Structure formats: C-alpha cells, structure tokens
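Undergrad: Chain residues, written in single-letter form:
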Amino acid sequence: MTLRDILNKLLRRQPTSASTARERLQLVLAHDRSDLSPELLDKMRKEILEVVAKYVEIDLEEGAVSLETEDRMTALVANLPIKRTVTGAIKLKENDDE
Amino acid sequence: MKTNTRIILICSGKGGVGKTTLTANLGIALARQGLKTAVLDADFGLRNLDLLLGLENRIVYTAQEVLEESCRLDQALVKHKKEPNLALLPAGNPRMLEWIKPDDMQRIASMLSEQFEYVLIDCPAGVEDGFKNAVSAAKEAIVVTNPEVSAVRDADRVIGLLNTHGISPVQLVLNRVRPKMIASQEMLSVDDVTDILSLPLLGLVLEDEQVIVSTNRGEPLTLNGTNSPAARCYSNIARRMQGEEIPLIDPSKEGSGIRDKFRRLMQTKIF
Ligand SMILES: Nc1ncnc2c1ncn2[C@@H]1O[C@H](COP(=O)(O)OP(=O)(O)O)[C@@H](O)[C@H]1O
Ligand SMILES: [Mg+2]
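So the sequences go chain by chain: A and B. When we follow the working numbering, the leftmost residue of the first sequence carries the number 2, and every step to the right adds one. When we follow the working numbering, the leftmost residue of the second sequence carries the number 9, and every step to the right adds one.
Keep in mind that the hints were calculated from the coordinates and are not lab data. Values in this document were obtained by computation on a predicted structure and should not be read as measured data. Careful: at least some of the hints might be erroneous.
[Claimed, not checked] When the alpha-carbon atoms are kept at most 30 Å apart in a straight line, the in silico DSS-like pairs for lysine-lysine are as follows:
| # | chain 1 | residue 1 | chain 2 | residue 2 |
| --- | --- | --- | --- | --- |
| 1 | A | Lys10 | B | Lys188 |
| 2 | B | Lys147 | B | Lys90 |
| 3 | A | Lys10 | A | Lys47 |
| 4 | B | Lys269 | A | Lys10 |
| 5 | B | Lys277 | A | Lys10 |
| 6 | B | Lys109 | B | Lys147 |
| 7 | B | Lys89 | B | Lys147 |
| 8 | B | Lys44 | B | Lys90 |
| 9 | A | Lys44 | A | Lys94 |
Model the full structure from these sequences, guided by the hints.
TA: What follows is the structure in structure tokens.
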C-alpha cells in the first residue's frame, strides 16, 4: 500500500487503478495457476466447513475458502469466523462421545 | 550442432505486445556487437518480421523450401545489407501451419545453430500448436508483456508452459512502459509486474513514438544508433544478454519538476 492509497482511503476516493489491477491480477492468477474449477472449490469449502463445525461453532454463512498466490506458489486459505461466548471464549461443540 | 548457440524463444501469449519489434531490434543490436545472429519467423500465420527488418522484397526461399529440401539453408537466409552479421529465415506460406511439427522446428534450429551464435525465434501469439512447435526448438525464452492486466495474465500462462517444457532461463521484458502513468499510479509498475510473475527482469522498453516511425521505414531503431528512449532500452537489453551489467532505467526517476517529486512521494510504499 502506498501513501496515495492511504490518502485515497481517508478521503473515501476510488483506489488508484494500478492497485485495483494488482488485486484483480493476484486473484485471477491464483485461479489460473491452480486449475481448480469453481465447483470443486465450492465442494472443498463445504466439506472443510463441515469438519470444522464438528468441533467449534462457526458462522457457516461467513466462512470462505480462497486461493492466494505469491512467488508462483498457490495457497488454499480458509477464513472461518469462530463464534465466541459472551466472555470471549471460543464456543466448543459439546460432543457426547468425548 | 554447436552446443553453445543460444536459441531464444521470444513469446508472450497475447498478441500485439511487441514480440516482433523486440526480435528485430535485438537481432540488429546483437549483430552490431559482432555476433552472428539469425532471426527465425515462426509466426507462419501472420508473418511480419521481414517487414520490420525491411527485407520483404529480398525473400526468395523460406523455411518451407528448406524443410522440403528444395533449397539449401543459405539460399533461404536473407542477409541484412547494412548489418551482414544478421540473417532472417522467413516464414513460409500460411499453409505450413497444416503440416509443420515440433520435429521440423528442431531441424531448422539445429541447422541454424551450426552457423550462428544467436538464434532468436519470433513466436506466434497463443498457446496452441504454433507456440508448441516454436518452443520445442528453443533452449531459453524471453517473455514480453505490457503493464496491463490481460497481457500479464497471458504471460503467466506462457511462463507455466515454458516451465513444463524445461526451458531455462526464462526472462522478462516489460514493453510500452509509461513513466508518467506509473507515477500517478494509473499503470502497473515494473516492480508490480516482476513481483506478480516472479521472473527476473531482462529489461524494460519505454513507450516511444519512434517505434512506429522505424517500422514505417523498415529500419529497426537499433540500426542507426539513434538515441530515442526505446532505442536505448533495446540496446541495453542486447548488452545484458551478453552478460554486461547495465543498470535499469528507473521510470520513477524520470522528470524533476515539483509535480514529479510529489508523485514520487505519493508512491512511497507504507506496507
Ligand atoms: N515500445 C513501444 N512503443 C510504442 N509502440 C510500440 C512499442 N512496442 C511495440 N509497439 C507497437 O505495438 C504494435 C505491436 O507490436 P508487434 O511487435 O507487432 O507485436 P507482436 O509481435 O507481439 O504481435 C506495433 O504497432 C508496434 O509498433
Ligand atoms: Mg508478431
């Protein structure tokens, strides 16, 4: 992020087109490089969410799985917001079999 | 086959980014350094290299007759009058596309490497058969791109394919760079593109009207030692190919007015 980007944010101006281009390219290249279809990615997202939801309470609506890329390496990144109790502790699922 | 001949594919994925212009200018610049150089037009569908070199009226035979063995290689090679170290092997009839195979390209490249120190292959756009034929003859590659999303995306595709073909080294040339637009952050910067593609940068070429003037005349900018911005960039690239260490032109340092200084300040990376 550059000084100009920060200034634009503060003034609620549009980001510069170069920084938009950078972001769009990073996303599209992550997909191009991985060769994963959107359907497959969505299937993986659902299954990952199911596994995690077995142990902690997560916000199923908010969960996202995406591809990110740097130095020609692609990473699968899961962002799963965990619900917290009023005291701030992580809500664990109460499993009978444990 | 001489093993130390450098056979370099000049490719991009996207069309119109400046492959043929780069091939012509590097060919002349390397020849001017005293290196025996051949440029091979592998764009059989849309041949243009002859035109940019001003050699279109001197073509008798082409790669097609060489492959059919109806002429010898040196009968098909067109020597440049002003720069005799440079020769063009013209592309044949577009119908060549129907039968040419990777083996054919390899045969041509190995014939050329007996006589030349550099073989530059002007690759067709796309990633289909034309590209696959051309890549099979090459050892190294230069990927040409522009600081624009579509060109960068296509370059990325091509880099992936070059890697699977075992081509190495693969280097980047960023063409049509406009320092003013980069300064106002309305164009991807040189660092942006090299970061995204993770390729070593062989050089950048500034946007320059003289490129069009020189194509009108059929005389590449590197031919007469003119000092236009793009001409300097092309000769720097040719000298870097020979291992000379020549600093990159820094587009952000162009211009010294108060406005340019402010633009530079605004480009400071915070995180
Ligand atoms: N640095 C430059 N500045 C201005 N125009 C350029 C530059 N490089 C290429 N061009 C122009 O871009 C067009 C496409 O170039 P060309 O070399 O034919 O691309 P390609 O072979 O990749 O299809 C031509 O009209 C050429 O004059
Ligand atoms: Mg071309």
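Undergrad: Can you name, in rising order, the numbers of the hints this structure does not satisfy?
TA: Per hint list: single violation, 3.
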